[in-house]
Amino acid sequence: MKYLLLKHYRGGPAPVVDFLPMDQWTPEEVDAHVKYMQDFGDRLQESGEFVDMQALLPDGAFVRSDDAGRPPVTDGPFAETKDLIAGYYVIDVESWDRAVEVAADLSAAPGPGGKPLHEWLEVRPLFSAAPADAG
Amino acid sequence: MNEGLLRELVPAVIGVLVRRGADFASAEDAVQEALIKALETWSADPPRDAKAWLISAAWRKFLDATRSETARRGREVVVDAQPDLGPVSGVDDTLRLYFLCAHPSLPPPAALALTLRAVGGLTTKQIATAHLVPEATMAQRISRAKRKIAGVPLDEPGDLATVLRVLYLVFNEGYSGDVDLAAEAIRLARQLVALSDEPEAAGLLALMLLHHARRASRTGDGGRLVPLAAQDRSRWDTALIAEGVAILQGALARDRLGEYQAQAAIAALHADAPTADETDWVQIVEWYDELLRITGSPIVRLNRAVAIGEADGPQAGLAALADVDSCLPRYNAVRAYLLERTGDLERAAELYAKAGRAASSVPERDHLTREAARVQQTLRSERGTHPA
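Protein chains in written order, with this note's numbering: chain A, 1 to 135; chain B, 136 to 523.
No wet-lab data here; the hints were simulated from the structure. Hints are not guaranteed to be accurate.
[As the list claims (entries may be wrong)] BS3-like cross-link-like pairs, simulated, lysine-lysine; straight-line CA separation at most 27 Å:
| no. | chain 1 | residue 1 | chain 2 | residue 2 |
| --- | --- | --- | --- | --- |
| 1 | B | Lys186 | B | Lys260 |
| 2 | A | Lys115 | A | Lys7 |
| 3 | A | Lys2 | B | Lys283 |
| 4 | B | Lys186 | B | Lys172 |
| 5 | B | Lys283 | A | Lys115 |
| 6 | A | Lys82 | B | Lys489 |
| 7 | B | Lys260 | B | Lys283 |
| 8 | B | Lys172 | A | Lys7 |
| 9 | B | Lys172 | B | Lys260 |
| 10 | A | Lys2 | A | Lys35 |
| 11 | A | Lys7 | A | Lys82 |
| 12 | A | Lys35 | B | Lys489 |
Please take these sequences and the hints and turn them into a complete structure.
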C-alpha cells in the first residue's frame, strides 16, 4: 500500500513544539537535523519502502484555465495564510500502522538542543492502480 | 566485456548502418536494441570481435523492424540485405553524430538525452535513472527528438557551440543513479577533442578535468556542500589538474580565446593555489573581465564581483555588485558573503537565510541555512548572549 507523507510549511495543526527558524539554530544543530533527514531516507531505501521524495520551493501559484482564447488565470504567489506544502515522501508499506510508524520517525527529526521537533505530518493513502479482488 | 568499451563502439556502428542505407532514427533504435542484447548476453558468452557482433546484431534488428514495418504497410522490402562491407571512416561518422544529436532545433533536455544514447552508448534506462524520470518518459523524449531531426542530412555542417553546451550540461548533471554523467561527459569531450581541431573543445575538456579534480573535496559528511575556500586541497586529483592545465595551455597557444578556455583558466588558477589565501585573485579578476567581454553574461558579472571582493576587499566587491541584477540566483548569497567580510553580520545573516529560502537545490539550501546559523552564532557570542 502506498502512502503520501506531506510536510507543510504552514496549514497543519498547531505545532506542539514552538521552535525558532533554522537559521537561528547553531550550525551543529542544523547539521544534526540534515543528517537525521538523510539517515531517514537511507533507512527507507534499505527497508525497500522508499518510492519518491521531493522538497518543494515556497514559490509557485494557483493556476486555472480561462475561457477559450484567453490566457490562463494565476493566483499567487501563495498568500501567507494559505496551506503550503514543503515536501513529501511516497512510501510503499505493508499497513497503515507501518505508515504511521514511518511518519513518526520522520517527525522525530531533531531541532534546537537536539530535541525532537514533533512536527505534524499529513499521512494520506494513495488509490491503488487496480480494483481490489479484480481476479 | 567492459561496458565502457562496448559503449565506445555505438556511434561507429550507427554510422555503419546509416551508410548501408538505414535512416538515422531506425539505425539508432536498432543499435540500442543490439546494445541491450549485448549487455544481457556478453558477460556469459563474449564474442571474439565485439564490433562485428554489434554491427550484425544491429543490422538484423534493423531488417526485422523494416520488414515488419513494410509488412504492415503491405509493401516490398526495399533494403539491401547483403550490403557491402567497405572500409569504414568512423571518425567522420562520430563527429557528425555529435552535431546531429545536439542539433540547434532540439530543446536542450532532448539533445542531451539523444547525445547520451547515440554518441554515449547509454541505454534509455540508464539515462532515465540518471534524470529520475520513468524509462517510458525518456524513451518518448528521445523518439520525439529523432522525429524532429528526421529531415536533417547527416553530412550537414554542424554547430560546435551547441555540442559543447550539451556536453557541459551533461557534465553538470554529475552523479546520480548508476551512471557517472560527469565522467561520461569527460569521455565524450575527450573523444570530441580527438575529432575536432577547435580550441574551445579543448577548453571545455580542460574545464571539466579541472572541476572534476576537486570532486572528492566538494562534499563533506552527509553530503554537505564544502565551498572552494574550505576544501581539503590534499584531496584534489593532481593528475587530472596537470592534464587539464596542459590541455588548456595547448588551447590558449592557438590564440583563439573563447568562454570555455577563459573559465578553464580561472579553474586552473584556483587549482594552482596551495591554500585558499594564496589564490591569485588579481589574475582571476582579469580572466573574469575577458569572460564578461566574451559572454556578457549576468552570472559572470556576479562571479566577477566575488573575485573583486577577494582581490580588492569586500567594499570593492559590493561596489561591483551594484551593476549586477539582484534577481539572479545566488545574488543574495554573494551579497551576504561580502557583507560578512565588511563586518555587517546582521545583514549578512539575514541575507544568508533569505538566500537559503530561495535556493533551488537541497544541498545549497542546507549550506546557506547553515551559513546563516554560523553568522548568527558569532553575533550571539559577540553580544555575550546565548539562546535559551
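These are the hints, each one checked on the structure:
{"no.": "1", "hint": "B:Lys186 / B:Lys260", "verdict": "22 Å, holds"}
{"no.": "2", "hint": "A:Lys115 / A:Lys7", "verdict": "19 Å, holds"}
{"no.": "3", "hint": "A:Lys2 / B:Lys283", "verdict": "38 Å, violated"}
{"no.": "4", "hint": "B:Lys186 / B:Lys172", "verdict": "14 Å, holds"}
{"no.": "5", "hint": "B:Lys283 / A:Lys115", "verdict": "56 Å, violated"}
{"no.": "6", "hint": "A:Lys82 / B:Lys489", "verdict": "20 Å, holds"}
{"no.": "7", "hint": "B:Lys260 / B:Lys283", "verdict": "22 Å, holds"}
{"no.": "8", "hint": "B:Lys172 / A:Lys7", "verdict": "44 Å, violated"}
{"no.": "9", "hint": "B:Lys172 / B:Lys260", "verdict": "14 Å, holds"}
{"no.": "10", "hint": "A:Lys2 / A:Lys35", "verdict": "25 Å, holds"}
{"no.": "11", "hint": "A:Lys7 / A:Lys82", "verdict": "14 Å, holds"}
{"no.": "12", "hint": "A:Lys35 / B:Lys489", "verdict": "22 Å, holds"}
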